[in-house]
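2 protein chains.
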Amino acid sequence: MDFITELSERTEYINNEIYKYLPNQEGRQKTIFEAINYSVKIGGKRLRPMLMLETCRMFNGEENEVYPFMAALEMIHTYSLVHDDLPAMDNDDYRRGNLTTHKKFGHAMGVLCGDGLLNLAYETMAKAILESGNIQVAAKAFEVISKKAGVYGMVGGQVVDIEMTSHKEDIDTLNFINELKTGALVEAAMMCGAILANASDEQVENIERAASKIGLAFQIQDDILDVTSTSKELGKPVLSDEKNNKATYVTILGIEKCKEKVKELSDEAAQILGEYNTNEFLHELVMFLINRKQ
Amino acid sequence: MDFITELSERTEYINNEIYKYLPNQEGRQKTIFEAINYSVKIGGKRLRPMLMLETCRMFNGEENEVYPFMAALEMIHTYSLVHDDLPAMDNDDYRRGNLTTHKKFGHAMGVLCGDGLLNLAYETMAKAILESGNIQVAAKAFEVISKKAGVYGMVGGQVVDIEMTSHKEDIDTLNFINELKTGALVEAAMMCGAILANASDEQVENIERAASKIGLAFQIQDDILDVTSTSKELGKPVLSDEKNNKATYVTILGIEKCKEKVKELSDEAAQILGEYNTNEFLHELVMFLINRKQ
Numbered sequence: 008m009d010f011i012t013e014l015s016e017r018t019e020y021i022n023n024e025i026y027k028y029l030p031n032q033e034g035r036q037k038t039i040f041e042a043i044n045y046s047v048k049i050g051g052k053r054l055r056p057m058l059m060l061e062t063c064r065m066f067n068g069e070e071n072e073v074y075p076f077m078a079a080l081e082m083i084h085t086y087s088l089v090h091d092d093l094p095a096m097d098n099d100d101y102r103r104g105n106l107t108t109h110k111k112f113g114h115a116m117g118v119l120c121g122d123g124l125l126n127l128a129y130e131t132m133a134k135a136i137l138e139s140g141n142i143q144v145a146a147k148a149f150e151v152i153s154k155k156a157g158v159y160g161m162v163g164g165q166v167v168d169i170e171m172t173s174h175k176e177d178i179d180t181l182n183f184i185n186e187l188k189t190g191a192l193v194e195a196a197m198m199c200g201a202i203l204a205n206a207s208d209e210q211v212e213n214i215e216r217a218a219s220k221i222g223l224a225f226q227i228q229d230d231i232l233d234v235t236s237t238s239k240e241l242g243k244p245v246l247s248d249e250k251n252n253k254a255t256y257v258t259i260l261g262i263e264k265c266k267e268k269v270k271e272l273s274d275e276a277a278q279i280l281g282e283y284n285t286n287e288f289l290h291e292l293v294m295f296l297i298n299r300k301q
Numbered sequence: 008m009d010f011i012t013e014l015s016e017r018t019e020y021i022n023n024e025i026y027k028y029l030p031n032q033e034g035r036q037k038t039i040f041e042a043i044n045y046s047v048k049i050g051g052k053r054l055r056p057m058l059m060l061e062t063c064r065m066f067n068g069e070e071n072e073v074y075p076f077m078a079a080l081e082m083i084h085t086y087s088l089v090h091d092d093l094p095a096m097d098n099d100d101y102r103r104g105n106l107t108t109h110k111k112f113g114h115a116m117g118v119l120c121g122d123g124l125l126n127l128a129y130e131t132m133a134k135a136i137l138e139s140g141n142i143q144v145a146a147k148a149f150e151v152i153s154k155k156a157g158v159y160g161m162v163g164g165q166v167v168d169i170e171m172t173s174h175k176e177d178i179d180t181l182n183f184i185n186e187l188k189t190g191a192l193v194e195a196a197m198m199c200g201a202i203l204a205n206a207s208d209e210q211v212e213n214i215e216r217a218a219s220k221i222g223l224a225f226q227i228q229d230d231i232l233d234v235t236s237t238s239k240e241l242g243k244p245v246l247s248d249e250k251n252n253k254a255t256y257v258t259i260l261g262i263e264k265c266k267e268k269v270k271e272l273s274d275e276a277a278q279i280l281g282e283y284n285t286n287e288f289l290h291e292l293v294m295f296l297i298n299r300k301q
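Going line by line, the protein sequences match chains A and B.
For the working numbering, add 7 to where a residue sits in the first sequence, where the first one is 1.
For the working numbering, add 7 to where a residue sits in the second sequence, where the first one is 1.
Quick caveat, the hints were computed from the structure, so don't treat them as lab data.
Hints are supplied without guarantee of correctness; some may be wrong.
When the alpha-carbon atoms are kept at most 30 Å apart in a straight line, the in silico BS3-like pairs for lysine-lysine are as follows [to be verified]:
#	chain 1	residue 1	chain 2	residue 2
1	B	Lys154	A	Lys154
2	A	Lys134	B	Lys253
3	A	Lys154	B	Lys268
4	B	Lys27	B	Lys37
5	B	Lys110	B	Lys37
6	A	Lys154	B	Lys264
7	B	Lys52	B	Lys27
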C-alpha cells in the first residue's frame with residue numbers, strides 16, 4: 008500500500024476512535040453537543056492523535072490506553088481553533104472551507120463550545136485514568152497534556168502571538184510563540200504515546216526533543232505554504248498572516264532560509280526517532296507533514 | 008468569636024492557600040499571568056473552596072489533600088465569570104465593583120484568560136494527583152470536578168441560559184439552568200471535600216443531594232436580592248437579569264413563594280448535613296449563604 012492510501016486509512020481509523028468520545032446525547036443543551044460535533048468533524052489532519060498513536064506503537068504500547076488521550080488532545084486542539092477564530096481573536100469566517108463554529112452557531116456559542124471542548128477533554132482523561140490498568144502512568148499523561156496546553160504551553164504562546172503587532176518581530180519571540188502555540192501540543196502528543204507505552208523517562212525526553220523539532224518544522228512549512236500555496240489547496244485565505252500584519256518565519260528569514268531550516272529540523276528529528284527505528288510509518292508521516300504542499 | 012469574624016478569618020485563610028497556586032513567574036506571556044491574578048483576586052465569597060474545606064473537615068479529612076482542589080475549583084468558577092462577562096455573552100463592564108477582566112486587559116485577553124484559568128485548574132489537579140497519598144481518591148475528585156464543570160454540568164447550564172430569551176420560561180427550564188450553572192460546582196465542591204476525606208459512596212451521594220439544595224437556594228436568594236437589594240450592597244447593577252430580559256425565580260414564582268422555597272431547601276439541606284452534625288461552622292455557613300443580604 009502506498010503512503011497516501013495508508014495515511015488516509017489510518018486517519019479514518021483515528022476519526023472512528025475519537026468520534027466515540029463526542030457527545031451523542033439528546034438534552035436541553037443540544038446546541039453545544041451539535042457545535043462540538045461540528046467543530047471536531049469539519050476535519051483536520053488528526054496530526055496530534057496520529058503522532059500519539061504511532062509513538063505508542065513504536066514503543067509497543069497497548070493501543071486501548073491511548074484512544075481517550077488521542078480524543079482529548081484533538082478536543083484541546085479543536086477548542087484552540089474555535090477560540091482563535093472568534094471575532095475578538097483572528098476573526099475568521101472560514102476554516103478548512105467550512106464556516107467557523109461561531110459563524111455557524113453564533114458568537115456566544117463559539118465561546119461556550121471552546122470551553123465545553125476543553126473541559127470535555129479533561130472529563131475524557133479523568134474517566135480514562137480511573138479505568139486505566141496503570142493509573143500512575145495515565146495520570147502522568149494527563150499531567151503532560153495539561154502542562155503543554157496551558158499558560159506555560161499553548162495558551163502562553165497564543166498570548167504572545169495576540170500581542171505581536173509588527174512584521175518586524177525578533178526571531179526569539181517568534182520561536183517562543185511557535186514552540187508554545189504549535190510545538191507544545193505536538194510534544195504532548197508524542198510524549199503521551201511514549202508515556203502510555205511505559206517508555207522510560209529518558210526515552211520520553213528524547214521523544215519530546217524530536218517532537219519539538221517536528222512542531223517547529225511543521226510551523227515553518229505552514230508559513231512557507233501561506234505565501235506559496237493557492238487558497239484552494241490550503242482551504243483558507245492565502246496570506247492570512249500577512250493580512251493580520253504578523254511576523255512569520257518567511258517575513259523574517261525569507262523563503263530559502265526557511266526551506267533550509269525545515270530540512271535541518273526534519274533531519275534532526277529523524278535522527279532521534281531513528282534510534283528507535285521500529286515504526287516506518289511514523290518516519291514517513293513526519294517527512295510527509297514537514298514537506299507537505301497543503 | 009462571632010460567625011462574621013470567623014467567616015472573615017477563614018476566607019482570608021482560604022485566599023492565602025489558593026493564591027499559592029496562581030502563576031507568579033516572569034515570562035513573555037506575563038499579561039495572562041497578570042490577568043489570571045487579577046480575575047481571581049478581585050474577590051468573591053470563596054463559597055466553593057470554603058464548602059469543600061468544611062466538608063472535608065466534617066469527615067475528618069487531611070486538609071493538605073484539598074488545597075489544590077480548592078484552588079482548582081475557584082479557578083474554574085473564575086474562568087466561568089470571565090467568559091460570562093465577555094461582550095459575546097452578558098457584556099458586563101463591572102464585577103464586584105471592579106472592571107471585568109476583558110475591560111481591563113482587552114477582549115482577546117478575556118478569552119485567553121478564561122482558557123488559561125480553566126486549563127490551570129486541571130494542571131493544578133494533575134500535579135495534586137501525582138503527589139497525592141491516595142492517587143485513586145484524588146483521581147476520583149478530579150473526575151467529579153470535570154463532570155460538574157462541563158457540558159453535562161456548568162457549561163451545559165450556561166448554554167441553555169444563553170438561549171433563554173423570554174421572561175416567560177417554564178420552571179423546568181429554569182431549574183435545569185440553575186442546577187447546572189450554579190448547582191453543579193457547589194455539588195462538586197462538597198463532593199470533593201467528602202471524597203478527599205475518604206467518605207463512603209453513600210455519604211458522597213448524600214452530600215451531593217444536600218449541595219444541590221444549597222446551590223438552588225443560593226440561586227433563588229440571588230434572584231431575590233437582584234430585585235430587593237441596592238446596587239451598592241450587591242456590587243453590580245440591580246435588575247441586571249431584568250435588563251437582559253431573562254426569566255428568574257422571582258419573575259416566575261414571585262418574591263413570597265421564592266422566600267418560602269429558600270426556607271424549604273435550606274431546611275432539607277440542614278437535615279441531611281445534620282446526620283453528620285460534626286461541623287457547626289458549616290451549618291452556620293450554609294444558613295448564612297442562603298439568608299444573606301448581599
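For the pair we were handed, lysine 134 (chain A) and lysine 253 (chain B), check the Cα-Cα distance against 30 Å.
36 Å, violated
CA of lysine 154 (chain A) to CA of lysine 268 (chain B), is that 30 Å or under?
This hinted pair is violated, its Cα atoms lying about 44 Å apart.
Take a quick look at whether lysine 52 (chain B) and lysine 27 (chain B) sit within 30 Å of each other, Cα to Cα.
The given pair, whose Cα atoms are some 18 Å apart, holds under the 30 Å limit.
Would the pair lysine 154 (chain A) and lysine 264 (chain B) pass a check requiring their Cα atoms to be no farther apart than 30 Å?
Between lysine 154 (chain A) and lysine 264 (chain B) the Cα gap is close to 48 Å, so the pair fails against 30 Å, i.e. violated.
CA of lysine 154 (chain B) to CA of lysine 154 (chain A), is that 30 Å or under?
Distance ~20 Å between lysine 154 (chain B) and lysine 154 (chain A) Cα, so the pair holds.
Measure nothing beyond the straight line between the CA atoms of lysine 27 (chain B) and lysine 37 (chain B); if it is 30 Å or shorter, mark the hint as holding.
17 Å, holds
Proposed proximity, lysine 37 (chain B) with lysine 110 (chain B) (alpha carbon, max 30 Å)
17 Å, holds
Violated hints, in rising order: 2, 3, 6; the structure is consistent with all others.
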